[in-house]
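A.B. asks: Protein sequences, first through last, are from chains A and B.
One rule links them: number in our numbering = place in the first sequence (from 1) + 39.
One rule links them: number in our numbering = place in the second sequence (from 1) + 39.
To be clear, the hints were calculated from the coordinates, so they are not data collected in a lab.
Careful: at least some of the hints might be erroneous.
Identical copies carry no separate label here, and so any pair may be met within one copy or between two of them.
Taking lysine to aspartate or glutamate and the DMTMM-like style, the derived pairs with C-alpha atoms no more than 20 Å apart in a straight line are [stated by the list, open to error]:
(1) K151 with E201
(2) K147 with E201
(3) K64 with D238
(4) K169 with E102
(5) K151 with D238
(6) K128 with E242
(7) K71 with D126
(8) K157 with E242
(9) K81 with E102
(10) K169 with E242
(11) K128 with D238
(12) K162 with E201
(13) K162 with D178
(14) K162 with E181
(15) K162 with E183
(16) K147 with D126
(17) K105 with E118
Nothing here was measured: the structure is a model prediction, and the numbers come from that model.
Number of protein chains: 2
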Amino acid sequence: MSLTKKNIPTVTINRLCIYHRCLEKIIEVEGKEESIFISSSKIAALTGINSAQIRKDLAYFGEFGKRGIGYPVINLVKELENILGLDRKWSVIIAGAGNLGKALVRYKGFQKRGFLIKGIFDKDPLKIGKKIGHISIYDVKELEKFIRDKNIDIGVLVVPAEFAQEVADKMVAGGIKAILNFAPLRLTLPPEVKIHNVDLSFEFEGLTYYLNLC
Amino acid sequence: MSLTKKNIPTVTINRLCIYHRCLEKIIEVEGKEESIFISSSKIAALTGINSAQIRKDLAYFGEFGKRGIGYPVINLVKELENILGLDRKWSVIIAGAGNLGKALVRYKGFQKRGFLIKGIFDKDPLKIGKKIGHISIYDVKELEKFIRDKNIDIGVLVVPAEFAQEVADKMVAGGIKAILNFAPLRLTLPPEVKIHNVDLSFEFEGLTYYLNLC
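One chain only, chain A, in its complex shape:
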């Protein structure tokens, strides 16, 4: 059975992101030689993901490895970046100029990874017209037009929960393709809009297992 790319499970995609990070670290340590290969069992040892699973995940997208030799690291990184869309720039807007919105605008990791913040939106007249770093704060009333005119790819929702659905609807009306939602509620969105709900408390949960053993 062949899977179309749209049917590939989200967890497979998430694992591809993990393989990509793992290979980036290998390049940091071992350099960018084209002759460096890595076996699925080495990736398994570094990521903790079963090597059969790794081979299966990668095989969805092509035959990247050579039996008995492994995967060419540099080439596999490029293939993964292409598959994951990490080799291009993405336009992002942030809805909500509160503390989290401000923190995200100043977060250096986004630009480095190709996520370019084009504007921040709020309804507070005291904030509208000001800047955070070199990014302007616009009236949330302009959100829909801004997304359409500037062809924005991703909207980040950091408004209070009670306004989240309303602001998400504006994003959808403007033609947003994906929403990263930090608000603690499930949004109702048309199926063509991709959503990722962020729960920061999840970041703690891996740690508590180990603390529990102490």
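Position chain B relative to chain A; hints supplied.
C.D. replies: For chain B alone, kept in the frame of chain A given last:
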């Protein structure tokens, strides 16, 4: 070969967190009846994780399921909460009263999940002595003593990268057991201190795969 709990791979622990969330959603929808069972193949369909992997992950910790019937949902949630340390309260301090630090203090999800923020630390004299919500901002000089006196479990690092190692060292000196690091650098820590590096750009990366298909 039996694994001691300390040797269980981090990705297994991360998957247990995913199963836990999945079961919580099932309880939300289906209620808290003790008679509700779920098969590993149903968990697989909901999480996208292979059912053999699910059975293997859970079998590290005990025989929770019945062949041909599945896992009792309520009981498995309780077992997972016990394994993951999610059935107790954890004391947390935040180092860095910038935008991200302020946002984390106000983040409602933490308290709900048992992560209780006991203080926030900064070196800015204009911030020290003020409050964010009902949490006081203390001088970072008091960090070590505070951690020791209040028996703090987890330190959250949201200081600029250039101060992160220095502040982490203070946390370690105070006896912190785990650090959640938002600063974009690798910290050098003694092996007994558990670290989790947060990279918020990772949250975007699953989305771009789908955008890339458009």
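A.B. asks: Give a verdict on every hint.
C.D. replies: Quick rundown of the hints versus the structure:
1. K151 with E201: So K151 and E201 pass the 20 Å test across copies only (18 Å; inside, 32 Å).
2. K147 with E201: Close across copies (14 Å), not inside one copy (29 Å); limit 20 Å.
3. K64 with D238: Result: close only across copies, 14 Å inter versus 26 Å intra.
4. K169 with E102: Cα proximity of K169 and E102: none, with 51 Å in one copy and 58 Å across.
5. K151 with D238: between (23 Å within a copy, 12 Å between copies)
6. K128 with E242: Answer is between; shortest inter-copy Cα gap is 16 Å, intra-copy 26 Å.
7. K71 with D126: within (17 Å within a copy, 46 Å between copies)
8. K157 with E242: between (27 Å within a copy, 18 Å between copies)
9. K81 with E102: within (18 Å within a copy, 30 Å between copies)
10. K169 with E242: Answer is neither: 32 Å inside a copy and 27 Å across each miss the 20 Å cutoff.
11. K128 with D238: between (25 Å within a copy, 18 Å between copies)
12. K162 with E201: within (14 Å within a copy, 35 Å between copies)
13. K162 with D178: Within one copy only: 6 Å inside a chain, 34 Å across chains, cut-off 20 Å.
14. K162 with E181: within (10 Å within a copy, 39 Å between copies)
15. K162 with E183: within (14 Å within a copy, 41 Å between copies)
16. K147 with D126: Close inside one copy (18 Å), not across copies (35 Å); limit 20 Å.
17. K105 with E118: Result: close within a single copy only, 15 Å intra versus 42 Å inter.
In summary, the numbered hints that this structure violates are 4, 10.
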